[in-house]
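Q: Given next are the chains, with one letter for each unit.
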Amino acid sequence: MSILINKNTKVLVQGITGNEGEKAAKAMLDYGTNVIGGVRPGKGGEEVLGKPVFNTVAEAVAQFPDITTTAIYVPPFSAKTAIVEAIEAGISQINTIIERVPIRDTAYCLAAAKEKNIQIIGPSSLGYISPGIGRIGVVGGPKAQADEIFTPGSIGIISRSGGMTNEVSWQVRKAGLGQSTAVHVGGDLLMGTTYADLLKLFEKDSETKAVIIFGEHGGSYEFEIVDLIKNKEYTKPLAIYIGGKFASTLPEGMNIGHAGAIVERGKGAVEKAKALAEVGVMIADRYEDLVTLIKPYF
Amino acid sequence: MNLYEFEGRELLEKHGIIIPVGEVVRRGDNIADVYRKLGLEEVVVKAQVLSGKRGKSNGIRFCNSLEEVEKAIDEIFNMSIRGQYVSSILLTEKINIESENYLSITYDTNKKQPVLVFSSEGGVDIEDVVDEKIMRISLDIRNNTFPLVGGAGGGSFFLDLNTQSKFNMIGEEFLETAENLWQCFLTEDTRVLEINPLVKTTSGEIMALDAKVALDDDAFYRHNKEAQVRDKEKGIEPMTITDWDLFESRTMLGRRATEREIAVQEIDKGEKYYQGTAGKYIELEGDIAVLFSGGGASIANMDALYQVGLKPANYTEYSGNPPQEKVFELSKIVLSKPNLKGLWIVGGVANFTDIAATFAGIVQAIDELKPNFPIVVRRAGPNDKEGIKMLEECAKRNNLQIKIFGKETSMSETAQVLAEMISNN
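Chains F and E, in that order, are what the protein sequence lines are. Letter by letter, the first sequence follows residues 1 to 298 in the working numbering. Letter by letter, the second sequence follows residues 1001 to 1425 in the working numbering.
Hints listed in this document are in silico derivations from the structure and should not be mistaken for laboratory results. None of the values given here were measured: they were computed from a predicted structure. Accuracy of the hints is not assured; some may be wrong.
[Claimed, not checked] Restricting the straight-line Cα-Cα distance to at most 20 angstroms, the calculated cross-link-like pairs of lysine to aspartate or glutamate (EDC-like) are:
id: 1; chain 1: F; residue 1: K26; chain 2: E; residue 2: D1354
id: 2; chain 1: F; residue 1: K80; chain 2: E; residue 2: D1354
id: 3; chain 1: F; residue 1: K116; chain 2: E; residue 2: D1140
id: 4; chain 1: F; residue 1: K80; chain 2: E; residue 2: D1217
id: 5; chain 1: F; residue 1: K245; chain 2: E; residue 2: E1413
[Claimed, not checked] The following label-pair restraints were derived from C-beta to C-beta distances:
id: 6; chain 1: E; residue 1: G1083; chain 2: F; residue 2: T235; range: 42 to 52 angstroms
id: 7; chain 1: E; residue 1: G1083; chain 2: F; residue 2: K116; range: 45 to 55 angstroms
id: 8; chain 1: E; residue 1: E1013; chain 2: F; residue 2: K43; range: 44 to 54 angstroms
id: 9; chain 1: E; residue 1: E1098; chain 2: F; residue 2: A277; range: 27 to 37 angstroms
id: 10; chain 1: E; residue 1: E1285; chain 2: F; residue 2: E148; range: 35 to 45 angstroms
Glycine included, C-beta positions come from ideal geometry on N, C-alpha and C.
Isolated chain F, as found in the complex (with noise of 0.2 angstroms):
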């Protein structure tokens, strides 16, 4: 079992044709995701690594319709086109790759997905893993590297960053534990899917036995783990890393000012890690010390 992704999970690739869509279909490919095809407008008809193209992601789902799953490779400029053509043709999860999407056009997304229930994993996500399952993106790299870094264990990863989930992972690895599943959710303001979604996942998951986050100083995300363990929905032991507290060392100018700071009143890097503390949450002072931090339960 894995929260995200099954074997039997039928992916479709926006952006197919293009130079990152097709590197990701591989990369999918190749780790044993199911991938049935792809879209770019005008090129329906064509095919990709051997997998048909469609025009629009309703006639992939006509002829596919138990595709629940769809990675968007787009450029920004056309992201919302695409996340929105994917919403209206009801795709259950969405994964967002494309990075620098308008902060207006993610809100809209999001709103109109949320209406549906729709999951959408990003903006900016390089996507996920569930080692021995599949893989969303290009997570891992390439297939004997990926090998070397996952393993299918009891250990869920969420990252903020692309390259920090890989090597996060790999010190799990190399402390002899493996992972369940592996999600960089993303480095944007407005995440689809915050550490709170998943942890709701992981915690339902009978895989996985304990949750390490890599985290990123901005953002109150980390406020709703404290309510979701206050609220028993999460349960299970937890480490978290708060990268960025060189920021405060920074000149003023670096921060955006009031309006962002009131929305996030008393909720700086150093309340985070408090209000985390009182909860039970364990505070890695340095990212290596997340598997160190999670041993001793294994």
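Go by the hints and put chain E onto chain F.
A: Frame of chain F, contents of chain E only:
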């Protein structure tokens, strides 16, 4: 990108928000001419910086004559406000204030939608206002109509009764400004719009006496000349698009960009294919040159560097599989800062960045500049063996003091190695 007050208030004015009459003064301008052009005796002289709290730092002065204005301007141009360079000064009319309020729209990360914030306690730091005096209203980015109280205005509607009663608490006199601010937020791709104070003048006008605006850098492509042309082709009046390219250059640090920072910005302008791969350079005060790979790793590594007592000379991150030429140019600039004591080249286990290709760029820069200070490298990912071999050969021919690590050693551990090499040097 954060805007200066004088830029931000023009954006507000474009959307119908009333602002005081004003003129911008730059270094070397004839102050008497500007003062005469304004044609007022009493004026407010305001330092233009990207930080808040300039009033507390004596960056705002009230003057009653040309002599006073000249003196104030001279003083302000020669001060740094909370470490920030004063780029220009805004002269505005002095407003007779009846009440000071606070109004802003920004993104609420929990609701993942914009939130409008209003308080009748304006003119002070909003952090210092008690929660009961602050109104927060969630907005839906998909509805460009504003939920006006009483249903006034065509097509207006309420999200729910709770929202309606909240709007009632704002007070009718501020609603038009709130609606204008919402339109500004939607059309100008802003991340933050804040008016503090939003005043009611003694003559009953509602006026924005300050403007704090942060633009969404990711929306640049729809706020430039090309976007204006695209709109014109679609039959939309092009003047509605603000050309962001016309804003003067600035750094996030609120100071003038350094030579090296400008040089890094230039790298991407040359070749189209460089674009889309990150290459940031922010100059800092320390003496350890850094070349980080990956956004998250760079944040963790900045922390790790400070933890072992070293101070970065720069913050530089490249990611997204940049070509060799780009890494070469970037490395050369990083290594060109005088008085460096060490170099840390560090990144995690890459997903798809070609380590051999990026290291080839670094090797090229080292061959050219032959640094004689300690260097520590830690990196892994596709083609890492080849990349590390290249670096080892480069070390040999240039007699470098270098230690190279792969993924068997963690990133933070290698910060400690660098600290030890430097203290033994």
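Q: Confirm or reject each hint.
A: Evaluation of the provided hints:
1. K26(F) with D1354(E): holds, 17 angstroms
2. K80(F) with D1354(E): Answer violated: K80(F) to D1354(E) is near 30 angstroms, above 20 angstroms.
3. K116(F) with D1140(E): holds, 16 angstroms
4. K80(F) with D1217(E): Judged against 20 angstroms, a Cα distance of about 17 angstroms means the pair holds.
5. K245(F) with E1413(E): Answer holds: K245(F) to E1413(E) is near 18 angstroms, not above 20 angstroms.
6. G1083(E) with T235(F): 42 to 52 angstroms: holds, 46 angstroms
7. G1083(E) with K116(F): 45 to 55 angstroms: holds, 48 angstroms
8. E1013(E) with K43(F): 44 to 54 angstroms: Because 46 angstroms falls inside the window, the suggested range holds.
9. E1098(E) with A277(F): 27 to 37 angstroms: Given a distance of about 47 angstroms, which is not inside 27 to 37 angstroms, the answer is violated.
10. E1285(E) with E148(F): 35 to 45 angstroms: holds, 40 angstroms
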